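Protein chains: 2
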Amino acid sequence: MTSNPFSAEHRCALRHTPQVVALAGGVGGAKLAAGLQAVLPPGALTVVVNTGDDFEHWGLTICPDLDTVIYNLAGVNNPELGWGRADESFAVLKTVGLLGGEDWFRLGDKDLAVHLRRSEWLRQGSSLTEVTDRLRRALGVPSTVLPMSDLPVRTLVHTDEGDLPFQHYFVGRRCEPCVLDVSFVGAAEATLTDAVYTALAQADVVVFCPSNPYLSLDPILSVGEMRSLLPSLRAPKIAVAPIVGGQALKGPAAKMMREMGYPVSPVTIAAHFDGLLDGFVLDKIDAAAAAHVRMPALVADTLMHDLPSKAQLAATVLEFAATLWPVLASRPAP
Amino acid sequence: MTSNPFSAEHRCALRHTPQVVALAGGVGGAKLAAGLQAVLPPGALTVVVNTGDDFEHWGLTICPDLDTVIYNLAGVNNPELGWGRADESFAVLKTVGLLGGEDWFRLGDKDLAVHLRRSEWLRQGSSLTEVTDRLRRALGVPSTVLPMSDLPVRTLVHTDEGDLPFQHYFVGRRCEPCVLDVSFVGAAEATLTDAVYTALAQADVVVFCPSNPYLSLDPILSVGEMRSLLPSLRAPKIAVAPIVGGQALKGPAAKMMREMGYPVSPVTIAAHFDGLLDGFVLDKIDAAAAAHVRMPALVADTLMHDLPSKAQLAATVLEFAATLWPVLASRPAP
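In the order they appear, the protein sequences are chains A and B. Residues in the first sequence are numbered from 335 upward in steps of one, following the numbering used here. Residues in the second sequence are numbered from 335 upward in steps of one, following the numbering used here.
Just chain A, with the same shape it has in the complex (with noise of 0.2 Å):
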């Protein structure tokens, strides 16, 4: 395991435990946040994290993003399938399909008692940021696990074959439509929650994980004065670029870059935040793009595949954004 990150003269610097806010979607985010809570102290790390996909199903609110990083950060998640539990079973589902009921969505039997808990906390009057605190304990996880904000958004993908709401298009119609735009139903009324506020207020380091920017960082940047508030915060905000090679590792971001006219490359990904980051992290396969980064960029090893690779990547994207303190700390204050 990589030992902490931050040099001592970091920490003085900070006069407290450093404090870690990642962005994140669905699995890649997940596996980097993975990686970051296992490289820090308890606690330090907050991930906020995306609830776009978030839907209705069977009468139960449904969080996949959450759900992902909460399994991911618990180590209950099932790495083959990237989605759900590890040692699943699918009873219910099975069940409710002999029922004449919808089965599309692949809810598994531990999965669903996570959706059970939430929806009758949720019906009972508890927020969202409420329950997942609620749920993440439960599990076990010392990160702290933030919704976006506690009023619905809901991520409209706009495709040559019309609108879908996010999961017809993902699991639904498994990402088949041209993808000609996305829009995020409600962000304009939904608001920051205090507790997303006060992580980002007090963050040392605010990370974008590699997820698909367009589906899972787009719509926490959507709500409320995200894009304003970024720009204004004292930590370094450092960007992992989720395509590597020319390919996105997981899901329909380079599908989607093709079909909207952009170059399926990191330095696309780094336009698109163009304003909102400090520092770029791009994989070594993709060395020879760094120089078209219009900010600090580094190259590394950006694979996660174990645990160990995770806390690798964390740290090594700690340590560079450790680099840029003392430039961001002669920025004039807010």
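No lab work stands behind these hints, which were simulated from the structure alone.
One side of the interface only, derived from the structure: several residues of chain A facing chain B at Cβ under 10 Å:
| # | residue |
| --- | --- |
| 1 | Glu422 |
| 2 | Ala425 |
| 3 | Gly431 |
| 4 | Gly434 |
| 5 | Gly435 |
| 6 | Val448 |
| 7 | Leu456 |
| 8 | Ala472 |
Here the structure is a predicted model, which means the values were calculated and not measured. Quick reminder that beta carbons are idealized off the backbone N, C-alpha and C, glycines included.
Once you have looked at the hints, place chain B on chain A.
This is chain B only, laid out in the frame that chain A set:
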């Protein structure tokens, strides 16, 4: 299998397929209902089921007696436990327990699928009658299954430890507290559904199944005008005693009778339904008690250990009812 108990003569007198309505609670009622279904033509049986045991759990609406009846009629019940489904698993229950949720009520995975479907439909505005009909059809049940009302009636057990909602008395406290009385919250406001009213009005026979009189049949009798409606029907009303040889076949009926100061005898059951019945069936072990029942009584083998014995008892009850028709036909029309 027993042949159709309605003779050609009887069928001719009826000029239509005989319609049988059974009033039922849980296990005992479900067994006789399965027997009736086995000897009647498809669609001839309607079971009106107690919903006083219904409750909210995990944010879902659970209807234990409706499910017990449907599972028995579908042949998917668990005959050993007396509740729930055969070949059941408990993956969700286990995980809900690990997440700090309530796991005292043993909800199986297949059973849960039914509760999920029902709760979603109810939330969408369907009536319990509509939802129950969809579920029994999905499980291939040819008989009509009706909740006693679409409005909530909740059985409250008054005990020496205070008032307990039914499931807390029955499952949570395993029927241990001493019962003083039973009441049915909401019964005064509840109304019979059109479906129940029509089924009763068209019935050729009404069977009081061998269910707990205080916890399963009294709630049905408490709904709206049920008590005044029954005596006005032309159909003979026959009860089968749930007490055999001084014991309840299942559940706390005998214990409750002792606690409330009644002799544990079929005669107590017959007296309890005085004014509502035209005939009474009691077990051969209680043959001596037949003389003390103040109505036509039939001594029969009432133990139902498999489908042939359920069908045999059902046929016996229907044959007994048929012998009462000429008498009833001479009643003045209501």
